[in-house]
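Visitor: Chains A and B, in that order, are what the protein sequence lines are. Throughout the first sequence, residue numbering follows my numbering, covering 1 to 322 in sequence. Throughout the second sequence, residue numbering follows my numbering, covering 1001 to 1303 in sequence.
Rather than coming from a laboratory, the hints here were simulated on the basis of the structure. This one's a predicted model, so the numbers in the text were calculated from it and none came from an experiment. Treat the hints loosely; a few may be bogus.
[Stated by the list, open to error] Covered stretches of chain A, as calculated for chain B (at least 3 residues, CB under 8 Å):
1) 55 to 65
2) 119 to 132
3) 149 to 163
4) 196 to 209
5) 297 to 307
For each residue, glycine too, the CB sits at the ideal point set by N, CA and C.
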Amino acid sequence: MPSHASLDGAASETPKPGFVRSGHSKLGAADRRFGLLLAIPATFIVLLLVGGPSLQTIVYSFQKVSFKGPTPFVGLDNYVRLLNSDEFRHSFRITMVYAGGFVLISTTLGLVFALLLNERFWGNGFARTLLIIPWAAPWLMVGIMWKWFIDADVGMFNGLLFQFGLIHDYVPFLANPSGALIVTIVAAAWRQSSLSGLLFLAALQTIPPDLPEAATVDGASTWQRFRLVTLPWVRPVLMVVLVTNVIFGFLQFDVIYAMTQGGPGNSTTLLSILLYRQIFQFSNVGIGSAIAVVLGLVAFTVGLVFVNFLYRSESVYGRAVE
Amino acid sequence: MTPATEVRPPLLGALRRAGLSRRSVGRSVVIYVSFAVFAAWVVLPLWFTVMSSISQPAEMVARPPHWIPLRPTLENFEAVIGASSRGNNTSDQNARILLSLSWSLIIGVSVAVLNLLIGGLAAYGYSRFRFPGSRSGYVFLLVARVVPAIAIITPFFIAFRVTGLINTSFALIFSYLLFTLPLSIWLLRSYFDALSPEIEEAAMVDGASRLRILWTIVAPLAAPGLIATGLLVFLEAWSEFFYANVLTSQMTVPPLLASYNSLQTFSWNTLAAATVLSLLPPVLIAVVFQRYVVSGLSHGALK
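Okay, chain A solo, but in the shape it has when bound:
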């Protein structure tokens, strides 16, 4: 966040018009101390909870650590071993594929759902209630439901295909490497498309109604209206949704854990699963922490784009001059 780093130091010099609109005249030293007192406990707790463990994890990644005994420094050894490991490289690739598929499905479906629910029709209120339900379901339970939903013995999805004559025998989707990857992506996207849809819908509802109407009067087709009116309007939200989905995709753990535990073979072993195995099953804390640092850096970099973006949109009314 290079653009913000400079702001930190200069915080006290630049007046922030929109924020404390009438505050400056009445803010004496006592009030400033009051503000500081309010902010300290939470900020300190977060500093302790985020800063400490983050640094410690980075330190671990340069050490040879098990849960008992001494922890000698080994330099870049853990990282070198990771880069030379087929397992890690495979896992990294799979994570990319997983995140890519997840982002694509969640975002597209979310937008389609939002466009549908933004239309006026009988049953719309009910449909909006439906939209929120997948989001309310915890990730782990989403994984459990989908694991059994597509199960080869009792699963309703197989039943559905069977009923319509599309298959003659139930298919064990999770037994096949690419099948497992696809199904775990779809299961996670089931929940995330709901969140994306809610966010898109909130944005669509802020479109002034006369805007599409004017476009229609001017002879715009449905597609043109979507491309020239709707899409530009939701573009900022699209950005937010995309970044959120990328992060959720990279960090997915629960759904995989419930559905495949990383299998069959290593076909759904995302970095998060690899990290968990290395640390808590093999007690390779050093290697596991190196994976955590890589995963953390990827998510963190993408996340900073997100924060930067939110921060900008806030500063539109928060600061007069950038």
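Assemble chain B onto chain A, guided by the hints.
Guide: Structure of chain B alone, referenced to chain A:
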């Protein structure tokens, strides 16, 4: 969109006489077909889970499948809450679900209350006052929101084990502040920012203390934001699996369900009943408080 061509001419004539244009019929067809697909996408996995929870295992293997069980039963629920010794082999896992549900509730409420208190005060501080470090403190909180909790769990695990706090509710409540506090401060600040400070200033001129103003004037005005934030934080805590799995032995609901899920002896029907029980609270909250939840989500992501 020209799907009206699918409608056969005589029908179209009748509809047109009824005052419906070709365009509006086409629109309705597209909308209701999409609606049906959307509803199926959302409902089918849930329907399957609920129906499995009231089915007997023998009925599950019927082909073609039974969409509604012929002989519905509550045995699975009895088995999972330990009220009956019949049903499935739940062995020593009996009645654990009620305990875990209670712990999930206690931990979720505690985390939500702590967030509203500590996070609310901080959010108000950052919203209303400029003090040395106010900007860098706030930027730090934003950045903290982006650090993935999953990557930094080992130090928590080791610290809690060394201090003997592993497998306690404190370990979960404390570590959940890690990812909930930055969120709640961000959310609440955006709600506080939207309130005009004039009322507070008027009250201050009348001699009310800052804390009193915060409690009696600001908190009621910001109630929708406080409710939305509290609910979102509660739902986050209720859903959290990774930390609960590593730091406790199935104290809350998600790790308990994960252990059921991995037991070969545990039938899907019983697991489905446990899943239904664990899904009900968050789904009910989201549906009943839809307005607040959606407001919170869009404040969190879009403001």
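Visitor: Of all the hints numbered above, which does this structure not satisfy? Sort the numbers upward.
Guide: No numbers; nothing is violated.
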